[in-house]
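Following the hints, complete the assembly by docking chain B with the ligands onto the known chain A.
Protein sequence lines, in the order shown, are assigned to chains A and B.
Sequential numbering of the first sequence, starting at -9, is according to my numbering.
Sequential numbering of the second sequence, starting at 19, is according to my numbering.
Incorrect hints may have been included.
Residues of chain B clear of chain A, computed beta-carbon distances all greater than 10 Å [unchecked claim]: (1) R28; (2) F57; (3) T64; (4) V74; (5) A97; (6) T99; (7) F104; (8) N106; (9) G107; (10) I130; (11) V131; (12) T172; (13) I184; (14) I198; (15) E209; (16) A246.
If you want the footprint, here are the derived chain B segments under chain A, 3+ residues with CB under 8 Å [stated by the list, open to error]: (17) 20 to 27; (18) 76 to 83.
Worth flagging that the hints you see were computed from the coordinates, not collected in a lab.
Please read all numbers here as calculations on a predicted model, not as lab measurements.
Backbone N, C-alpha and C fix where the C-beta goes; we use that ideal spot for every residue, glycine too.
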Amino acid sequence: MEQRFLPWFKRSYNERTRDLSTRRHIFSASAAVSHQEWRGCMEAIAVRALTKSYGSFEALKGVEMSVPQGAVYGLLGPNGAGKSTLIKALVGALRPSGGEMRVLGLDPLRDRSQLRRCIGYMPQSAALYGDLSARDNVRFFGSAHGLPDLDRRVREVLEFTDLSDRAGDAIHTFSGGMKRRVSLACVLVHRPRVLFLDEPTAAVDPGLRARFWTTFRDLADDGVTLFISTHLMDEALLCDEVAVLRQGRIIIHDTPKGILERGLTRVVVRRSGQGCEEHIIGGHPEDLAQALRSYGLAQDVDAVEVRRDTLETVILSLIEREEVRV
Amino acid sequence: MRRTLVVATRVLRQLIREHRLLGLSVVAPLVIVYFLKLFFDTMPPTFETARYAVPVAAFLVHFLAFLLCAIVLVQERTAGTLERMFINGFRRTEVIGGYLVGYLALATLQAIVALTEAVLLFQLNYAPGTLGVLFIVVWLLAVASVMLGIFISTFARNEGQVFPFIPMIIVPSVFLSGLILDPHRLPDWAEWLGRLLPLRYANNVIQEMIRPGGALGAIWPNLLVLVAYSVVLWVLASRTLAEVE
Ligand SMILES: Nc1ncnc2c1ncn2[C@@H]1O[C@H](COP(=O)(O)OP(=O)(O)O)[C@@H](O)[C@H]1O
Ligand SMILES: [Mg+2]
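The following block holds chain A by itself, in its conformation from the complex (with noise of 0.2 Å):
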């Protein structure tokens, strides 16, 4: 990744702000009022020393987390790392072994009933039926909620994920794509709160990576806090708050921005009559600026070229360094 003087995390800003879309209507009415109840209460997603062994394998190992409401937090690790597990675990699907959470201050287990009006649930895979159409998907799950205005719901989530057109048409003559989108839209009917998405992005297409993401802002703008299981380490930029599980452990716990700074930057000045030289400086906008005026400000300079580790290199060197520590 290049940049030049702009601070990385103004960039994503206008990023990610510059194609917010308009939808956002979906989520304002209800979710704004239940978001006032549960503001400065208490945080949205707690862990405490959570465990789960399948036999004698242990696939989550004293997970520790603490997810603010309203936002966007991206669970990231390989594949196998123990995100689904730790995700099932949170929406009450799965017994752990050991240790506490708490969902909107409720226990997953004990507080089910409760608990499954605020929270939506989105499998890692499609989960859908093959044979009914998208509309009749939607309308059976949400009518597990008893929402006595069920069929506007359906039409305007529907509407939401793009699907009006096809609404009729069976699911097995959909795209990949598509099915993720009206398994989307099964998890937005009832207006939840707490949204859990295993791996919503993986096997899709760029444009549609896109879209889902302004999609998830959209909802965390209204204040619904979303729980995103990715194992693209991108994605984390796009994230409030970041968790790098590795082998049921998690490893780092930070704000893109932190573990952007814990990456190196080359400094890359070109000197008339000379070649180059290269600075290895630290990630922090400070050591940028230090560097820049010791290095770059000289009056024969003809070039100055920054170089930063990308957030993929970041995290995969820092969970290198965890695999040489363990």
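Chain B with the ligands only, in chain A's frame:
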């Protein structure tokens, strides 16, 4: 209750859209009963075909209702829709109830089709009262079969794991339930094993009703056993169907 009906409606809608499954479950008994007829036609005239027509039709309904229900419910587990149902707030009793109601519609259709064909092909001239009792017993057997399918499916993580159960249900049903031989001529242990099978009780009723001069009088408790069988399976299934992994 409302959610039970929601599940039942969805199951039915799926059955109607799944033409192959629907076709198979209605056509298969027809074809098999027809082959049975062809087979019996080769027997010497002293062979009493009527004794086998209705019991075999009942057996087919029993087996197909069991198998279809078990497989479709296991497919829900492998596709992840079962998990999704639970997380959306459907309870296991509602899922079981919905499946029972949905598949009963199919089983009723199968019972009518199979009985009608057996009666027509084998030119059985039973009294209307006898036919009524035969229908009721086949229908109760179908309820028990659907419940058995639901119960068995809770032990299978994928479709492949249903298959070992098929011979476990079929083989004892054919030999121990009175379908082809009188269970009282079996050794004691086998006779008792047969009493675990719902087909045994259905056969007790069917054999008596199709016997000339047979009456419901002494054998009606068998119908109660079939009902109890379904209730017990319901209770067991609502314990073994796990909402939380
Ligand atoms: N039902 C299960 N039985 C045994 N092992 C499992 C089961 N589910 C997951 N695992 C194991 O737990 C680990 C974490 O799996 P998972 O949570 O699906 O990872 P991820 O979603 O990060 O790819 C993997 O090694 C996987 O093989
Ligand atoms: Mg996973």
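To see whether the hints hold, each was checked on the structure:
no.	hint	in the structure
1	R28	violated (5 Å)
2	F57	holds (36 Å)
3	T64	holds (50 Å)
4	V74	holds (31 Å)
5	A97	violated (6 Å)
6	T99	violated (5 Å)
7	F104	violated (7 Å)
8	N106	violated (4 Å)
9	G107	violated (4 Å)
10	I130	holds (24 Å)
11	V131	holds (22 Å)
12	T172	holds (16 Å)
13	I184	holds (24 Å)
14	I198	holds (38 Å)
15	E209	holds (41 Å)
16	A246	holds (31 Å)
17	20 to 27	holds (count 3)
18	76 to 83	violated (count 0)
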